[in-house]
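Chains as they are written, first to last, in our numbering: chain A, 1 to 195; chain B, 1 to 671.
In case anyone wonders, no lab produced these hints; they're calculated from the structure.
Built from N, CA and C at the ideal position, the CB exists for glycine as well.
Stretches of chain B that chain A covers, calculated by requiring three or more beta carbons in the stretch to come under 8 Å of a beta carbon on chain A: (1) 228–241; (2) 494–505; (3) 539–553.
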Amino acid sequence: MRRLLAMPILLTLVLCACVTINVYFPAAEAREAAREFVENVIGDEAQPTPPPPDGGMAMRPARFDPWMLLGIGSAQAQSPDITIRTPAIQAIQSRMESRFSSTLRPHFDSGALGFSGDGTIVVRDASKLEIKDRVAVNAAVADDNRDRNAVYREIAVANGHPEWEKQIRDVFAKQWIASARPGWWYQQGGAWKQK
Amino acid sequence: MLWRILTLFLLVLATWPAQARTASARIERVTVSGVELHDVRVRLRWPAGAPQGELEIDAGRIEADALGYRFARVHWSCPLSSPSDGAWRCEGPLRRQGGLPLRLAVELSPATTDAVVSRGGTRMALQRSAAVPDMTRLQLAKVPLAWAQALLASGWSAGRIEGGTVDGEIGLHTPAGRPLRIEGRLEVDGVALESEDGSIAAGDLGGTVHFDYRQPAAAGALVSVDGELRRGEALFGNTYVALGGQQVRFGVDARQLPGGGWSAPRLAWRDADTLSLDGSAELAADGRLRQLDLIARSPALADLPERYLSGWLGLAGMSGLQLDGALAANVRVVDGSLQSLDADFDGVDVRDPRQRFRIDRLDGNLRHAAGAAIYSELRWQGGALYDLAFGPIRLPLRGEAGTLRLREPADMAMLGGRLRFDHFALQPPDDTDGLRIGFGLELDALDVGQLAQALDWPAFHGTLSGRIPDARYADERLDFDGGLSMQLFDGRIDVGALSMERPFGVAPTLSADLSLHDLDLLGITGAFDFGSITGRLHGRVDGLRLVDWTATAFDAELHTEPRRGVRQRISQRAVQDISSVGDASFVTSLQGRLIGLFDDFGYRRIGIGCRLANEVCVMSGLHSAGAGFTIVDGAGVPKLQVVGFNRNVDWPTLVERLAAVATGDIAPVVD
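Bound conformation, chain A alone (with noise of 0.2 Å):
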């Protein structure tokens, strides 16, 4: 009787294993992403470049499969990719770089400007700035933030999955971190931290 009983419930249980699909977030894949592309944008005239990517895109299999993202696949289901390689995510992307190695990049190493804790950056001192550079710099953290949230909100939404946007921010978040230069500055936990 126990055993006629139990069979119903093992067989829920078995069909429940079945329709769960789980979407995990690639983790891994976009650290990596974010790192070539914080990389790209803070760039260092000593450090090279990773080589742009050959264009043939259509040579490429399509990249984003949902039956690997089901959780019960070998490693490789663990490994969907990531894709940051719009036009629009790369026209933001060189206008970030170009952003950065002409107005932001002296402020970080004066430490005026620093990393906040949500991937955004922010002024952190601003009577390191000359009065008239603090509006022109203010433009330029307004307009770069602007650029980071849109980064993130397109990399989740062309990668199918809009409710990414907060962890991809959150990846992001930390690889800017990661990439900062030793002196510049940056956020955890409310408090400022010198890299």
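Could you slot chain B onto chain A? The hints should help.
Frame of chain A, contents of chain B only:
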């Protein structure tokens, strides 16, 4: 008093034996004009017969609490000449703990006290008269403003003086039992100030200042300042004021409140035609703006963005915004939120330097209130949104409970048709939410030809109509309920699920679902200069997403459907164009190179699909054909069949080829 002490000393010394002509005194506390000297030691050495003696004065502490000054271990020594005309004169170095050495010259007579402190070109002269013991006059020449740091700190503890010099005269009134009063007229030059957090700053300010400062014993300070600024720059939070070389007059009356805040019942600012302000304000002890009432007038707006608005415009991503015309506004802000706004516009032109929008001749008034309903009306003569020009509009508005609404539907001419806002509500940003807008929109017969021209599309012809009963803008996202319908190519395209993200921001995106009904293919192929195909086109484009007005994703499926009385023919040129674009090959009984012998071919069906994602278009056709997919299914003799083999097509390449076909720059490859 000092005069008396010195005279007494000399009298004592004269009577003493020659070998010990040194007198000294220690005074616990001296009070002069609100300044207290503690632990004062005076020592005078006067060798017998010498023409002068040597005076040394040490003070353990000097405190001028009302002004905020404290000095420790002050030492002054100087040669003292005999008072031939009844006046003592002494000049020598003055040292104090933690400060650079100065020179102090003092002349004491029964009637007057004169003291001059100097270093290099800096000179500060003090005059007192025995006849008016409550009054001290200070004359300043190239005095560093930093000397006033302690005075500033008593009223604004977060303020730091970074530079600047002062010339002029200050009167210090210290009547017994009445408030301390300092007044003066000063010329300031190169003034630089900064608050601790950098939110308030001034640089290179130059001008003239009249001031009157009173410090009652048991109440907050009273300050009245009037002046002229001739150059410099200042920053208050996000407001950056660049004076350049233009002269500005200003005035402030302020009173320090119990607990540390300030109340300013009079604020005035006169900057020629660019901006004049009158009003009052109240600041909390932490610098927060508790209340602000301002009447602002700008008869000539042209210089306003550069001189006053650049900080705000930069934050909003609208640097370089151009304004023209005249504006007057009354603003009331309480605890950081806008209570009321009453603005009058007179011929105001607004131009975005990045050409995202333009408004011509904005007139009328805009009244907004947090409380009871008030009415106003705005009008403009025309303008443009990106490249889409629009005509005049009249907007009757009602402001109530913090929301600004349209009182009645407003019509506006646009693209040869008519646009009607049947409702509109705007809520300005507050503590919790950003800007929110809701509106209903009706489009009536907009000319698609003009739209195509403005957006640089091929020459489409048709009309666009539709109704969006409710559109909402919040958090940089614009969502539309309802749909639009385009009458195009003798058929119809329905647009649904419309939404935009960051419509004026970074990489604006537009999402929509399109469905195509019975379009005339001949018209389409003509518009795209794509050979000529006769027939009727149906299909859908789902999940269309344009980023920066470029397609980044969609799932499209287009096919022909036979219609009675419509021939289905495809021209030789169209076949070649399809082949060159789609990388297709002919699988047909007809030899590819023989295609040139025929002008056109009959077809049974044409169908093509493309699912675009990640820059790759996954192509499909009517049905699979071996390794490929059939795009054109021929009919009759010669029977033509076009089959595509490359299922994954690079989207940019495809777009490039399409563009090349349209301009006739491509030669088809026929296998």
